[in-house]
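**Student:** Okay, here's what each chain looks like letter by letter:
There are 2 protein chains.
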Amino acid sequence: MIMVKKKPLILITNDDGITSKGISELIKMARQFGDVVVVAPDGPRSAQSNALTVDAPLYFEKLPDDNTGSELYKCSGTPTDCVKLALNQVFDRKPDLLLAGINHGSNAAVSVIYSGTMGAVFEGCINRIPAIGLSICDHRQDADFSMAIPYFSAIVRKFMEHPLEGICLNVNAPIGEIKGVKVCRQTKGYWAKEFEPQISPNGNKYFWLTGYFVNLEPNDSQTDEWALANGFISVVPTHVDMTAYNVLNDLTTQGYEEI
Amino acid sequence: MIMVKKKPLILITNDDGITSKGISELIKMARQFGDVVVVAPDGPRSAQSNALTVDAPLYFEKLPDDNTGSELYKCSGTPTDCVKLALNQVFDRKPDLLLAGINHGSNAAVSVIYSGTMGAVFEGCINRIPAIGLSICDHRQDADFSMAIPYFSAIVRKFMEHPLEGICLNVNAPIGEIKGVKVCRQTKGYWAKEFEPQISPNGNKYFWLTGYFVNLEPNDSQTDEWALANGFISVVPTHVDMTAYNVLNDLTTQGYEEI
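Chain order of the listed sequences is A and B. The opening residue of the first sequence carries number 287 in our numbering; numbering runs sequentially from there. The opening residue of the second sequence carries number 287 in our numbering; numbering runs sequentially from there.
Do not rely on the hints blindly, as some may be mistaken.
Given that identical chains are not distinguished, each listed pair holds provided it fits within a single copy or across any two copies.
Stated by the list, open to error - Listed below are the simulated DSS-like cross-link pairs for lysine-lysine, each with C-alpha atoms no more than 30 Å apart in a straight line:
{"hint": "1", "residue 1": "293", "residue 2": "307"}
{"hint": "2", "residue 1": "380", "residue 2": "465"}
{"hint": "3", "residue 1": "360", "residue 2": "380"}
{"hint": "4", "residue 1": "465", "residue 2": "360"}
{"hint": "5", "residue 1": "293", "residue 2": "479"}
{"hint": "6", "residue 1": "292", "residue 2": "465"}
FYI, nobody ran anything at the bench for these hints, they're computed from the structure.
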């Protein structure tokens, strides 16, 4: 009997929307690894984290064939909604891989918490699908992905060879020439001076989110921000268990269970 | 010289909106611990995770005195936006404590990833403010908080006595009689059968998010779902570092840095 091995089934999504340059580059790149199905937001959904649409109905729609051989769907929801809809309504089997991005802008350090791209990756991870978020440190719509893509491609290949249960990857590429790849941990830091007040024509004060990232450990070469600042692609293994295991015993000792 | 110790300054927010019963109960409870300032969404923002408003302006507005002695602000954004606005635009010093809730509905297990309440707590944690999310396993608008509140109060007091750097708490209370408090880890699991399709009057198919939680370790007494199912309040210490430290060496061994 001849065993015909099915090609890997790959779900692609993002948070910049289905018409962004980054997702189009990712679709092209991913096709070498298997059959690609895209379920992505119908417009920008940056910084949507793992937000879900719970108070409104969700729509999704198959788009005409784009001559690439991939199936494309646009969805009215968040990146996490896209993954949930794909798994529940589009696929008849679990995809072998989820790729999110390529995001226009860094998702390193604490941005992993806010990122819609990484939200989609975490949703894959929760559903036990190997998942990778790919981002470059360039917000521009016409960002140049050409230097990052050979590295991203090699990282995806390696993760498909060595998937790790319950682990997803947060991968970020610097702007410009790339020196190599570094396995890192998430940098400690926060955003400061985050709002710009403005006055509307009718006299109301409102605020735009802005600000800059404060790196609390800029000289630590184990962090993802250090890797990016020094020309390396950062690969951070991430998971969805938020438990701080190192203090479980402290809390017990402090007497919480005697309350 | 007599030192006058300032009363602790407490920021309160939630994701059910400023008019919910849960936040009103929390404000009453918190007043015993210090001066309370509330900056909360102007309507429901459940399941908003750490979503940020980046593509629209944000508004916030001081509400008339409610005769409780607390300052109240309503905000057009997400729970995370509320915390950012509070820290940047409302307070002239860093609050000593952030409390979020009391949420109408459980934020145990993987719900911690989707929860707007816990999003606000993580935002406090990123900004190095001791932060606690308080939830009860009852979605009803008129949920009865009376059995949980004495326990929540004792947990808040203990955390103020023993704050842990970079750690926040995810606290959930079961419905009904409470046997005590358990220090737990986050349960492994996922949501299944998540969509209910419907047809609009004009013939379009749309979907409502629904489904049920699948607990992958229902008999493990170290998990928060076990605690809740057995009548205990669950206290899970959480943090915002998503790095999976246990596989950093595996990735290096697998040759990512040789790519």
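**Student:** Which holds for residue 360 with residue 380 at a C-alpha limit of 30 Å: within a copy, between copies, both or neither?
**Tutor:** Within. Shortest intra-copy distance 19 Å satisfies the 30 Å Cα cut-off; inter-copy 43 Å does not.
**Student:** If the cutoff is 30 Å on CA atoms, where do residue 465 and residue 360 land: within, between, both or neither? Let me know, please.
**Tutor:** So residue 465 and residue 360 fail the 30 Å test inside a copy (36 Å) and across (48 Å) alike.
**Student:** Should residue 293 paired with residue 479 be assigned to within, between, both, or neither, using CA atoms and 30 Å as the limit?
**Tutor:** between (49 Å within a copy, 26 Å between copies)
**Student:** Check residue 292 against residue 465 for me: Cα-Cα at most 30 Å, and say if that holds within a copy, between copies, both or neither.
**Tutor:** neither (36 Å within a copy, 52 Å between copies)
**Student:** 30 Å Cα cut-off: does residue 293 pair with residue 307 within a copy, between copies, both or neither?
**Tutor:** within (26 Å within a copy, 53 Å between copies)
**Student:** Could you figure out if residue 380 and residue 465 sit no more than 30 Å apart (CA to CA) within one copy, between two copies, both or neither?
**Tutor:** neither (36 Å within a copy, 41 Å between copies)
The structure does not agree with the numbered hints 2, 4, 6 stated previously, though it agrees with the rest.
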